[in-house]
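When you line the sequence shown up against this note's numbering, it's residues 1 to 83, in that order.
Treat each hint with caution, since some may be false.
[What the hints assert, rightly or not] Distance ranges between label pairs, derived from CB positions:
1. D14 <-> S61: 18 to 26 Å
2. D55 <-> V7: 12 to 20 Å
3. L32 <-> A74: 14 to 22 Å
To be clear, the hints were calculated from the coordinates, so they are not data collected in a lab.
No residue lacks a Cβ here, since even glycine has one placed at the ideal position from N, Cα and C.
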Amino acid sequence: MHQSTAVAVTRYFDEVVDRLAQQGLDVAQVVLELSPTRPKRGQVITGRGPVLRWDEELGWSNGAESAGPAAHPAEVAGLLDRM
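Using the sequences and the hints, build the whole thing.
Next comes the structure, spelled out in structure tokens:
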């Protein structure tokens with residue numbers, strides 16, 4: 001998802017949140033940084049506390065494991081399952 005648009009990033013995060021909900025994980029907050037001059041970033045904070053961080057160049061991280069920037073929402077959800 002390198003050099004993605006703000007709309008594409010927002011839709012992608014919607015897919016990730018939907019996948020987490022399908023797996024029974026409550027999302028408390030989603031924060032997106034969509035600056036046109038810097039890499040886009042975001043984080044998903046769950047109701048139980050864990051945080052997933054995303055950077056359009058580096059990908060997803062739960063602090064111990066990571067996945068690529070355009071990882072399938074199921075792979076992203078798996079990062080929470082392994083915490």
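Taking the hints in turn, this is what the structure says about them:
The supplied range of 18 to 26 Å is met by D14 and S61, whose beta-carbon atoms lie about 20 Å from each other. About 18 Å separates the C-beta atoms of D55 and V7, a value consistent with the hinted range of 12 to 20 Å. Checked against the hint of 14 to 22 Å, the C-beta distance between L32 and A74 comes to roughly 21 Å, which is consistent with it.
No hint from the list above goes unmet by this structure.
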